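Asks: The lines below spell out each chain.
Protein chains: 4
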Amino acid sequence: MIRAGIIGSTGYAGGELARLLLQREDVEVKWYGSRSYIDKKYASIYQNMFKLTDADCMDDNMKELAEQVDVVFTATPQGLCSALVNEEILSKVKIIDLSADFRIKDVEVYKQWYKLEHGSPEYIKEAVYGLPEINRAKLQRARLIANPGCFPTCSFLSVYPLVKEGIIDPNTLIIDAKSGTSGAGRGAKTDSLFCEVNENIKAYGVGVHRHTPEIEEQLSRAAGRPVTISFTPHLIPMNRGILVTAYASLAKDVTEEEVRAAYEKYYKDEYFVRLLDNGVFPQTRWVEGSNFADVNFKIDLRTKRVVMMGAIDNMVKGAAGQAIQNMNLMFGLPENTGLKQVPLFP
Amino acid sequence: MIRAGIIGSTGYAGGELARLLLQREDVEVKWYGSRSYIDKKYASIYQNMFKLTDADCMDDNMKELAEQVDVVFTATPQGLCSALVNEEILSKVKIIDLSADFRIKDVEVYKQWYKLEHGSPEYIKEAVYGLPEINRAKLQRARLIANPGCFPTCSFLSVYPLVKEGIIDPNTLIIDAKSGTSGAGRGAKTDSLFCEVNENIKAYGVGVHRHTPEIEEQLSRAAGRPVTISFTPHLIPMNRGILVTAYASLAKDVTEEEVRAAYEKYYKDEYFVRLLDNGVFPQTRWVEGSNFADVNFKIDLRTKRVVMMGAIDNMVKGAAGQAIQNMNLMFGLPENTGLKQVPLFP
Amino acid sequence: MIRAGIIGSTGYAGGELARLLLQREDVEVKWYGSRSYIDKKYASIYQNMFKLTDADCMDDNMKELAEQVDVVFTATPQGLCSALVNEEILSKVKIIDLSADFRIKDVEVYKQWYKLEHGSPEYIKEAVYGLPEINRAKLQRARLIANPGCFPTCSFLSVYPLVKEGIIDPNTLIIDAKSGTSGAGRGAKTDSLFCEVNENIKAYGVGVHRHTPEIEEQLSRAAGRPVTISFTPHLIPMNRGILVTAYASLAKDVTEEEVRAAYEKYYKDEYFVRLLDNGVFPQTRWVEGSNFADVNFKIDLRTKRVVMMGAIDNMVKGAAGQAIQNMNLMFGLPENTGLKQVPLFP
Amino acid sequence: MIRAGIIGSTGYAGGELARLLLQREDVEVKWYGSRSYIDKKYASIYQNMFKLTDADCMDDNMKELAEQVDVVFTATPQGLCSALVNEEILSKVKIIDLSADFRIKDVEVYKQWYKLEHGSPEYIKEAVYGLPEINRAKLQRARLIANPGCFPTCSFLSVYPLVKEGIIDPNTLIIDAKSGTSGAGRGAKTDSLFCEVNENIKAYGVGVHRHTPEIEEQLSRAAGRPVTISFTPHLIPMNRGILVTAYASLAKDVTEEEVRAAYEKYYKDEYFVRLLDNGVFPQTRWVEGSNFADVNFKIDLRTKRVVMMGAIDNMVKGAAGQAIQNMNLMFGLPENTGLKQVPLFP
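Protein chains in written order, with UniProt numbering: chain B, 1 to 346; chain P, 1 to 346; chain Z, 1 to 346; chain A, 1 to 346.
Each pair may be met inside one copy or between any two copies, as identical chains are not told apart.
As a list, the in silico BS3-like pairs of lysine-lysine whose alpha-carbon atoms are at most 27 Å apart:
1) 265 <-> 340
2) 138 <-> 268
3) 268 <-> 40
4) 51 <-> 30
5) 189 <-> 111
6) 268 <-> 30
7) 105 <-> 304
8) 298 <-> 51
9) 41 <-> 265
10) 304 <-> 111
11) 51 <-> 340
If you're looking for bench data, these hints aren't it; they were derived computationally from the structure. Since this is a predicted model, take the numbers as computed values, not measurements.
Assemble the whole structure, with the sequences as input and the hints as a guide.
Replies: Below is the structure:
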């Protein structure tokens, strides 16, 4: 039995972690951390779990947590996890951080985009970027995992094979992303009210969204040289889902078959990445509630560009599901344990 | 391994059956019946199941099906299942009919509300009404189950204890129901278009909805005398969920505690019926994607009435989930096998 | 030129007032009151009015306002208007209060349901309940108008003729109401977030909603005797619209034609109340963005009840549009001046 | 009094034309053409206009129509208008075609993208592309207007000044567009059902959407040389609205002020094009129900690209509103007559 703790369990990502872990018989959630709701019944906050857990919300005491559990998920704003991590903690408990604290290797880039001092820069190097499709072996040995952002996960998986294989010029990459509203979190902000989001679409963070350097870092590694991209997220009136539409110029003459072969080279053995059939493009509804990432592409001969598309559920493969996938790796379990939910439709 | 067949597998209820059964390791779906899509890949219709099944759609051949499977689900329009059932079929295979063909014991009432001749009235008596919370023992021995309608399931579970215990006068019952749009099916009708349903609410079938006699029959049985109710469904701009708000006059002076005790008497051991805490009322989001029915009530002393409320996912407890709950009973399995999904939120 | 001021102009109802008044050439909004946004450009809060007004948000100074305008709309929480009204103010300016302060004649009932002391009970008697369909003559002479609540407007118009004509027993009235989310206001509350409202329906204020005594007072007047009703509102995942489904027992034998004649008796000359054709039931989409109230009914011979239905746009006929209809009456203008918008669909 | 006829009046664009024209006192709709609903009351199809028009639906008889009206709007599938136009008709009546028949000057391009023979290629040259912001003078003298597509209107207005002024390299243009579902029309297709669109986002027509050559033709004219672009539309779960996010490489070093000045050069006197304040980006909710096009831009120095954004209501500026704007020009009326609706929010 794996004993797990969640810090930030009453946010949407924390709630999704709890929801997914409650369905497992080999994991027990021992600690539902939530500073805002201490001593309240967790199931009174997330009524969907009524009768399924009787636990109370707890505070953030990482030291105490490290004694009681085997793995801690931090589903908190940036800055919190990096302030709590130290050698004593890491010697006792595995940590999967869903915030951005350990995602970016260059701490100056982190400071510049997040406007925060980093609380424990000495652990950035050790932390493993939690995208199993590229870091599987390292993740199995990790003590500290930086769980990827929702947009970076979907963006990276959509374009990775073509960057890696040199099929596209990565510096021509334009990533136009669309996200459901759960990505904005459960905070009570006017901009997230039903009447503000419903019947509306908008771009936000144009040119300055914090997921940009995270995507660039991973793509630079794949390309073997520095990559700079355009990234624009949009807010969509739906609860869950991210769709990425990425555009890039072809770096060489290729056929549909060659491009498809590149995707297959990297994804054919990946349970969670589904390369769709020719002409079938990703839609968020086909992955909702699941850990799948659906990808596909279209070559446009008129413009010598390729359009790459990907869809994930931002709460699952974009957050809690991927965190659990990482946990499975850390504990030597089959990677899809507890993550075989068939997408919910309609 | 239970071998299952689905007739009508490309409708929404059929798709939900496939989705739920695909997550089980003790059931294999051997037959995806769909007259409209014969020979097409099932996963090309329901792309959520891409890579999870490679099956083709098949026709409706019940005779052939009865040779190949242990249980057949008919998720079809009324009239089809009753035309296919006969002694030979029933001797070989268990049938769970999601249509209304076998729900109503009085065939004249069936004809009057459904405007159909019944194809096999000789089996109406044998068919068991598939609400496990009241017919568990009979269902375990059944060959033919009439899976309840979505509105009747939610309506009945919301009011049953108070009718049974004589706390309300059942002939004062007014049931105002609200349903997500998946209840209207996957047929291409103008009235079901996104732009017609979104940003709208309407009542429909006012005074003539076919689920009325089904609710009345079950309530009459509970009350021990004929019950006539008012029932009005409404269409809500959401995919899934039914909320029932039921009103009735109190038949005697009762306290909150006494009413609560009545609910607990019938539901305290029911896994799928959750009586919510005092003052917490059902919401469809807390049951979405699950087989739970959440219920609660409020006494209004000013009017000497009680308001009874219930919420289900119309695709799960209102259709496919309940059908699987019934299948579990038929095959001697724990009733909640494969049905422990925690509701999806948000 | 009528000079108008709005206190509470940055709430949804205030925004709708501004939107509707900006389309008129005979009205000028001179004062956009909003304590939260003082000195900010009004059009930076409501970007839909960008380039259409250059005004800044102002404070709540009623004394100053009374010097500058002919009519003040108070679209504020309860308690504010009653605290600002006095003889000096009323001698200088007409007031249309969109809050509940002057709707209820019995100040004790107000205190009990609103948990507030009333700030100027001496004006309750003078204030005219602003439902033109029943109080037209008084409204033309009024200094102070209590603009009706959204649910009371829709509920009352749906059932009024049958109460007035004694066709139904008003004490059997059960009003099940459904509202779009703009009715919850623009305050940043978790319960109003997109992800909490979308894909959900819930009842709220069961048995205790403050619009109950307002509806009862108006129905009691119509019936000529005290009326007590059941009223339950529900929150619907849409921006605008209220649908009322009301149930009552028939007090006598009547035909469809007689009931229809009763509606026509009261509404045939009303521009804003549309009695729909036989068998066509109200839907909120058919009134969205307009000041119309669509009503119709269905007799249910099985239960000897009648189902009465009504639909309005809660922001227009349920708030700002009705307030302007009242303003038109106060200033001797044709009642539908500036209110002839054809409902927006889809 | 302008007498107007609408062919295709029961589609969404036709319904919007009727809705907008019904609010005018200087226009009378004399002919509601609809082959599908001949002899039915128009207001029984569009119940929002109940009591506002008593007209019946008529057939498509252009010859008869030309005798009775001053202007005909054809809101029909491609191919119909071009088949009905001839010299006799054009000598009697002005025609505003909302289909694509006369938008593209090169009939071979039309054939290639629309897979149709053109019914009257001899009139393509005469037809004026109905974007008043660039063709105002010609439109005032036109007999036949090709009303622009919804995506081309929004795309073109978003990028035009920067193409015209040579600030961007037009062949680097990537236009990622997002549309509400009314753009898919009122036809009963499974793909347009509520449950298929709600909680989903998808790209469609990737690389092959028919609006591509229309955008390219207009941009080529603006650039003075052939322009080839990437264009990808997406379907959004909302009724109305188009948002365009366009990306292009800067052709020279420019400041924010210089780019802003370019927009102002072309739009400062345009009533319907609103260049938003610095840092405020277009959102569809701020233009809903209005004829406005909101535009803005953001320079990204990291990538030497500029992101250009625009929002319109696809039913108004993208179809019916722009058609009426064109009618106003044809009849010598102020261009915004009947089009001053303030956007509806929320």
